[in-house]
Every structure is written in structure tokens, then in C-alpha cells.
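Undergrad: Chain order of the listed sequences is G and F. Under the numbering used here, think of the first position of the first sequence as 1, with each following residue one higher. Under the numbering used here, think of the first position of the second sequence as 1, with each following residue one higher.
The hints are simulated quantities; they were obtained by calculation from the structure and are not laboratory data. Using N, Cα and C, we set each Cβ at its ideal position, and we do this for glycine too. Wrong hints could be hidden among the right ones.
[Claimed, not checked] DEER-style ranges, computed between Cβ atoms:
1) ARG495/F - ASP49/G: 52 to 62 Å
2) TYR227/G - ALA283/F: 33 to 43 Å
3) HIS382/F - LEU93/G: 51 to 61 Å
4) ASN513/F - GLN233/G: 56 to 66 Å
5) GLN233/G - GLU206/F: 32 to 42 Å
6) ASP49/G - TYR385/F: 24 to 34 Å
7) ALA29/F - LEU93/G: 38 to 48 Å
8) ASN173/G - ASP40/F: 16 to 26 Å
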Amino acid sequence: MKPKVAFFDFSSCEGCQLQIANLEERIIDLVEVVDVVSFREVMKEHSDDYEIAIVEGSIQRPMDELRLKDIRSKAKILVALGACAHTGCVNKLRNEWPVEDVKKEVYGKASISDNPYFDAFQAKALDEVVKVDAYIPGCPINREEFIRIVTALVAGKKPSIPNYPVCVECKKNENICVFDLGKFCLGPVTIAGCNSACPNFGHECEGCRGYLEHAHMDAQKDVLKKYGLSVKQMLDRFNIFNYRKEGY
Amino acid sequence: MKAMSKHEWQYFINNLIEEGSHKVIGVKAKGEKFVFGPLDSADELRLDYDTTILPPKKYFLPTHEDLMRYNVSQPFNVVHTVDESPRIIVGIHPYDLIAILQMDKLYLDDTPDDHYKAARKNTLIVASDIINVSQYSFAASMATHTIAPTRAYDLLVTDLGEVVIIDIGTESGKQLLEKHGKTREASEDEVIKVEVLRKDLASKYEKKVNIEKTDWPALLLKNYDHPVLKENSEKCLACGSCTLVCPTCFCYDVEDLLQLNGKEGVRRRTWDGCLMREFTKVASGEIFREKILDRYRHRIFRKGYYLPERYDFIACVGCGRCVSACLPDIADPSEVINTMTESPQSDEPTISFPQIPNTGVGSIDTHCLFVPASATIKRIEHLTYCETLYELVKDDQTPLGHQPGQFVQVSLFGIGEAPFSVSSAPGGKSFEIVVRQIGEVTSKLRTLKVGDKVGIRGPFGRGFDIDSLKGKDLLFIAGGLGIVPMRSLINYVLRNRTQFNDVTILYGCKEPNEFLFWDEVSKWHKREDITHMFTVDSCPEGVCWDGDIGVITTLLPKVDFNPETTKAIVIGPPIMYRFVIKDLEKKGMKDENILISLERKMRCGVGKCGHCQIHGVYVCKEGPVFSYDEIKDLPEAI
Numbered sequence: 001m002k003p004k005v006a007f008f009d010f011s012s013c014e015g016c017q018l019q020i021a022n023l024e025e026r027i028i029d030l031v032e033v034v035d036v037v038s039f040r041e042v043m044k045e046h047s048d049d050y051e052i053a054i055v056e057g058s059i060q061r062p063m064d065e066l067r068l069k070d071i072r073s074k075a076k077i078l079v080a081l082g083a084c085a086h087t088g089c090v091n092k093l094r095n096e097w098p099v100e101d102v103k104k105e106v107y108g109k110a111s112i113s114d115n116p117y118f119d120a121f122q123a124k125a126l127d128e129v130v131k132v133d134a135y136i137p138g139c140p141i142n143r144e145e146f147i148r149i150v151t152a153l154v155a156g157k158k159p160s161i162p163n164y165p166v167c168v169e170c171k172k173n174e175n176i177c178v179f180d181l182g183k184f185c186l187g188p189v190t191i192a193g194c195n196s197a198c199p200n201f202g203h204e205c206e207g208c209r210g211y212l213e214h215a216h217m218d219a220q221k222d223v224l225k226k227y228g229l230s231v232k233q234m235l236d237r238f239n240i241f242n243y244r245k246e247g248y
Numbered sequence: 001m002k003a004m005s006k007h008e009w010q011y012f013i014n015n016l017i018e019e020g021s022h023k024v025i026g027v028k029a030k031g032e033k034f035v036f037g038p039l040d041s042a043d044e045l046r047l048d049y050d051t052t053i054l055p056p057k058k059y060f061l062p063t064h065e066d067l068m069r070y071n072v073s074q075p076f077n078v079v080h081t082v083d084e085s086p087r088i089i090v091g092i093h094p095y096d097l098i099a100i101l102q103m104d105k106l107y108l109d110d111t112p113d114d115h116y117k118a119a120r121k122n123t124l125i126v127a128s129d130i131i132n133v134s135q136y137s138f139a140a141s142m143a144t145h146t147i148a149p150t151r152a153y154d155l156l157v158t159d160l161g162e163v164v165i166i167d168i169g170t171e172s173g174k175q176l177l178e179k180h181g182k183t184r185e186a187s188e189d190e191v192i193k194v195e196v197l198r199k200d201l202a203s204k205y206e207k208k209v210n211i212e213k214t215d216w217p218a219l220l221l222k223n224y225d226h227p228v229l230k231e232n233s234e235k236c237l238a239c240g241s242c243t244l245v246c247p248t249c250f251c252y253d254v255e256d257l258l259q260l261n262g263k264e265g266v267r268r269r270t271w272d273g274c275l276m277r278e279f280t281k282v283a284s285g286e287i288f289r290e291k292i293l294d295r296y297r298h299r300i301f302r303k304g305y306y307l308p309e310r311y312d313f314i315a316c317v318g319c320g321r322c323v324s325a326c327l328p329d330i331a332d333p334s335e336v337i338n339t340m341t342e343s344p345q346s347d348e349p350t351i352s353f354p355q356i357p358n359t360g361v362g363s364i365d366t367h368c369l370f371v372p373a374s375a376t377i378k379r380i381e382h383l384t385y386c387e388t389l390y391e392l393v394k395d396d397q398t399p400l401g402h403q404p405g406q407f408v409q410v411s412l413f414g415i416g417e418a419p420f421s422v423s424s425a426p427g428g429k430s431f432e433i434v435v436r437q438i439g440e441v442t443s444k445l446r447t448l449k450v451g452d453k454v455g456i457r458g459p460f461g462r463g464f465d466i467d468s469l470k471g472k473d474l475l476f477i478a479g480g481l482g483i484v485p486m487r488s489l490i491n492y493v494l495r496n497r498t499q500f501n502d503v504t505i506l507y508g509c510k511e512p513n514e515f516l517f518w519d520e521v522s523k524w525h526k527r528e529d530i531t532h533m534f535t536v537d538s539c540p541e542g543v544c545w546d547g548d549i550g551v552i553t554t555l556l557p558k559v560d561f562n563p564e565t566t567k568a569i570v571i572g573p574p575i576m577y578r579f580v581i582k583d584l585e586k587k588g589m590k591d592e593n594i595l596i597s598l599e600r601k602m603r604c605g606v607g608k609c610g611h612c613q614i615h616g617v618y619v620c621k622e623g624p625v626f627s628y629d630e631i632k633d634l635p636e637a638i
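If we strip away everything but chain G, and leave its shape as in the complex, we get (with noise of 0.2 Å):
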């Protein structure tokens, strides 16, 4: 018995799911081991059997949690697939401020109150309104994680991704460091398994794939500082993917 598989998608751009459309004839690999049942960006067809919930977005409103937590009840593994899912990414630069004058900068004087697709909170990424069994992180995700992630869900295996930094792979790919480009970069504190794919072409690191959970942020810091950042563009960087409301 193949596992059923469905796709499911909240705030974000979907990006994450194009990767996965964008594996193109490996597609094929992927439908001979799963069952998908439901993928809106490439598919009609919806069933709400499934074991597997792949999850791409962030939570913006009270609605989205019910459906998530929803989708949770009906999934034995639930998957965040990429950085929306992941660390909330760009859409939780809005909690910098609060929730109403943020409604109030983007629709103005429109009559949103009554309307419950308007009805946002501070945006959250999956983990703080369900359990998450396995996290394919990235803006957007790398689609070899996401086949060897799914490899690993199949095979029984419990999903892991890397526990070192970016630097370990730009390291092995032979780069020259984005720094000796005048560029800022935070592949030292930045959870690895894209295969340094910026600092391969030269740009830097934004942290897409979010910080480690040990990484050392006074160090990073200081290396930032040696090289000219100022504090406040230091937190810009750090927030652009992975904003925490007190800092870093």
C-alpha cells in the first residue's frame, strides 16, 4: 500500500509546491511510491484520506488555524514544506507592529470588520498551532531534501535535516567565501541542506532555511560588525526569514 499524500497550502506564494511540479519526469519516482490524493497546483482531484499532510504557508487568521489543525487531525505525519511553513519567513515581518495598524495601512478605510478572510492575527509559522513531524525548510525548498525527506517518510525512516551550517557545504563546493566579496552572509548560523546554493553563485546567505538551534548569534554578530554592518542592519538580515519579535 502506497501512503496517501495531499498538499495543502496557506499563506505563502506556493512557490514551495512548484518546486515539487518542477521536478518534472522525477514526478513519476515520486507517484510510484506515493498516493497522491491532493495537490491543487497540479491536479482536480480532493480526498480527504490521507497520511501524509504536506503543508506549504504560514497562519495568518483564526480560519487557517481550524483548517490546519483540521488537516492535523486527519494526517498521521504532517510536513511544514518551506520557509512560510517553517519560520512563518517574510509574512511575520508584520508582527513588528500591531495587528490593527497593519490592517489599517493595507486596506485603508474598506469595511473588513465583518469579513472573517480579513480577520488576521500575528502570523504564525505551523509548529506554533499543531505538532510538525518533519520540516523541508528553504525559500523556496530544495527538491533533493524534499525527495530524500519523502524517501525517509516511505521508507519508515523518521526525516532529519542537517545539523550544521551552510558554511560546511560552501566549504566543500570549493566557493570563495561571499564575505571576501564584500558581501554580508549568514551561512555560519543558517541550518545547511541547500547545498550553499546562493553562496555558489556568489550571493550571500539570508537565512531562508533558519537558524540552528545552537547557532552562536554573539559571534555571528561580531563577525557582521568586524565587516561593517550596523546593529540595525544586522536585525534586518536576521529578520528577513526568520523574524523574532524580541530580537536577536
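Here the structure of chain G is known, so what remains is to put chain F in place on it, guided by the hints.
TA: Only chain F this time, still in chain G's reference frame:
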């Protein structure tokens, strides 16, 4: 020495590339830096480089290397993937060549790494004298800036601008030159130029180490807690960059990668590094060097003390790659050594590391280090709710040939490998392991049935020296899972009871339902030739228990033993060691008569991958059984 015009040199390199019998690798530009990579033409080759981002180590221990390919449905039809394609690497600087010679000592020792061995055998090395010095390098202080004249290279080239001078190191190098190039004898003038170039090179280094490299080990002993280590570790990102770019960091991890179809897979090794937080993490979750300070110190001491003590070389060649890779600027070994030299923590050693005999690793098929032998599960017995015993028989019907205290690597294709103590006494065709379900391998083992196959490597490590126990009183003290390796020795002793004097067994667990081998243990009641006592930390209400209640140390005062004639065998969790050993010492036991077994992360089992190292000690080779006096001065041991 031979000479070629620059034009002839380029012709020689292009000839090598076109002829195609070898893959030709050389130093090329990458942006404003340099890397070793495949050459398309001699025009790409840059002998004027200062240093490369990664050392040529990547061709002998690749960043990612498939050790074997397999199909899960036919697990033991393993394709052992040793890359045997011939290569020439052009432009290796002396410091990198010296690093390779150091790696040879580790990887081509009594248990050679067959992948490394093949790569070394199939690679011709065309070394190059340094023309431009890297601003980060202190190679002259490490005497690694020149290597001539030795036979460590096949050819050594010196780029004099219009002319390239070549020293022939081996017969293979000579043939290569004769077959593909046109040379003449170097003139006396040219030979002098080369000598001057090498002689003047040292003066071009701005970075210096202020003591002789041979004095590093003694200096480090005086500075185990030097403030520079703590200060630097507070700035350290623990990103691992310093170890990843290092030509003398040889540690690796191994993982199984399956295809999406769940059938085909590879066992792959990748570079690992001791600065990374989970480098020492074992399946139960314990991390043995959790503090960045301990990891930072380990790197410096490994280079300057642990490897030097074992192999007689300083495992830093002064290439400066870590200096340039480290963002907080704290990785530079020369700065650490210079700071310690200027203001040492003490004039006397602040720590002493004992000599532990390197006992080798027993019977290992050195033809292929990583390919496991197939074994069949003969019997499965669930001992508790989470511990299961597996009786295994090797399919070639040979006995395992282990000593009590040794371990095996159990291999499940598609999942990975994990180390397990052998729990049965030596002898017989089958052997037993006990598995607690805590990790990937153990969870999968739990799903296997009698008749299923597993892979076995080993036995590994140093077990108990049975001869030294003969005629002695034996005091066994087991806590929790400690009974698993101890049972191998206990059963040997009980079977050969007359060879030993008094035997006392103390066994404690947290709760009554955690006792293992209850059937066997119950039989001890009937024997009059052993004393035994059991205890539990606590007993839940309603559970029947007629032993003691209290931690294992509460049993010790009830035992009458002569510390002069007794050997204590103590195996349990780290916390237990601290208290039990203290109490044994109080009773007058000498540390050399207290034997313990240590748990660490083991990957290779033969002292190469680096994970199990406690300071300079490889637990997989020199342990896991130690006498307490061997490890009591190692701060990281218990």
C-alpha cells in the same frame, strides 16, 4: 635535474591531457583565488598560485565518496565502489604534499583504508615549488615550504619563468617525462637558481611561529586551560570551516542514501569536523564535547599534541587556509602557539596524558574495510519493553572470534551502521547483541525477523584481558545496560570458574522491570560459588521486588573484598562511574585494578573517522575497555 623551456612544459602538459591515459588535474584560477581542478589545457595551469581554497586532499578523501552501492532486496550483492581511474595532479605545494604523507600514516596503517589506498596508488604527483607565498601561510616556521630533495613526489617542478626545472622522484615520474615531454639536463646555473629560490623562500613569510614545531607538544601541555582558548572559543562560530579547509583534518562521517524507490542505495562518506556540535553525539543523545571551548581545544591539541604523540609529526603544515577561512579570525594555530609562548598558563605541565598501548583491532579483512559480512538472525528475544536480544550467525559459518568487551558494527543497508557490544561469551558459531530502540538502526532492527540478514563488521576494539584476571577475585558492578558487555565476561568466568578466585556480582537498575537476562541472573541464586546482589533506584508500588533499594553504591559497603587481590569490572552510565570509582578507591582499590568500558560515537571502528577520540585516545581501537588509571587524567573521559 632536468629542464624544459616554458613552451616545452606547456607542450608536455597538453600532451598529457590529449593522450588521455590519465585524468590531468592542476591548479587553476577561480575568481581571485585558486582551486585544484581538471585541466582542459596547459594555459589554465597556474604554478604561480599562492594557495588553493581546498587542499588536494579532496582527491584522496573526497568531500563525498560512495563506499558501496547496493540493492536493498539483495543486500549482500554489494558493489564496492573503489575509484581506480589513473590521475596526475600537477602543482601540489610542499606543505600539501607533507600533509598527504601524514595522512598516509593514518590511512595506510595496519588497517588500511582501501579507498584511500587505491586513490594514492592511482595518482601521480607532480609537486611544485612555491613561487608566491600566501599572506596567511606560516609554512616556513613548520619547515613545510620546501620538500626537495625527497622521493615523496613523482616529479617536482620549479617554475623559473622562461624555464621549468624538474626533479625526478620516481621511476613512474621519469617514464611520464620521457614519454610525453622533451627535456635536457639542467645547467649548473639553473640548478643554483633553484637552490637559491628555495633558500630565499623562508624570508618571504611574514607570518611566523616563535618556537620550533617540535616544541608544540610540550608547550600545549603547559597550557591546557590557557585563557586564549576560552577567549577564542567565545568568538568561534563553530561553523567547521577551519577543519574543512585543512589538509591535515581527516575526519569523516558515513551515511546511507536511498533512492526514492527505496531499493537502490549508496553508503557514502563525507567530510566531518570536530568543531561541529554533533560530531561526538551518540545514539542516546549525549554529546561528549558540547562546549565550543572543548571542541576548539580539541582541534588545536589534535594538531599539536595528540597526533604528534602518536605519529611523530605536527599535524599542522602552516598552509594558512584556516586563517583565511575563519571569519572571526580565531582559527590561526600560529597565533595560539605564539600567545601561549609569550605568556604561558604555567611553566609546568597542566595536564598529563597517559600512554595507552595501541593494541590494534584484531581480525579484520583489510581487503575492504567498509563492506560488512552477511549474518543471519538465528533467535530474537525481547528482554524488556525496549531491549531486544539478537543471536546472529555469520553466513560464512566462521565464528566471530571476539574477546569479552569488544564490539561489532551492525549494518542495515539503506539505514546505516551502529556499534553494539557483543554480549555473549567467546566461542561458538553464534554471538549475541542487545539492542535498545533509540536510533534509526535500532528501530529498524526491531522490525526484523528470525532468518533476516544483517551486516557485521568487526569485532573491534580492545576487550578485557582475560589472562590478567585469572587467579584474581572479581568484583562485577553493572548499572543498567552495562550488563550487556559485562555479560560476555561474566559468562566466560562462570564457564571457566576454576580459573578465577572469589566472584561477586552487583547489578543495579532504575526499576525492577529494567533488569536484563532475568532467567540467567536467577540461576545465579543456585550457584554457591558466586556472591550476587541486586538493587533498584526505586520500586513502583505493587511491583514485586526482593532485592535492595538504593543506587548501586549502597551495595558496596555490604561486600567484603580484598583490594589487593581484586579486580573490579565496572560498566554503566558515566554518572555511575564517578561515584562507584570514588567508593572503590576509598576501600583501597588501586586504579589499575578498576576496569571500565566507555561509550562513544563509533563510525569506522579502526581509528580513522575521528568521532570516538577522547583527547588522543581512539576508543574504538584502544578501548572501549580501559583500566581507570589509563583514563583518569583525561578530562573528557568520564
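Undergrad: Determine for every hint whether it applies to the structure shown.
TA: Against the structure, the hints:
no.: 1; hint: ARG495/F - ASP49/G: 52 to 62 Å; result: 58 Å, holds
no.: 2; hint: TYR227/G - ALA283/F: 33 to 43 Å; result: 40 Å, holds
no.: 3; hint: HIS382/F - LEU93/G: 51 to 61 Å; result: 53 Å, holds
no.: 4; hint: ASN513/F - GLN233/G: 56 to 66 Å; result: 58 Å, holds
no.: 5; hint: GLN233/G - GLU206/F: 32 to 42 Å; result: 33 Å, holds
no.: 6; hint: ASP49/G - TYR385/F: 24 to 34 Å; result: 33 Å, holds
no.: 7; hint: ALA29/F - LEU93/G: 38 to 48 Å; result: 41 Å, holds
no.: 8; hint: ASN173/G - ASP40/F: 16 to 26 Å; result: 20 Å, holds
This entry satisfies every hint, going by the numbered hints stated previously.
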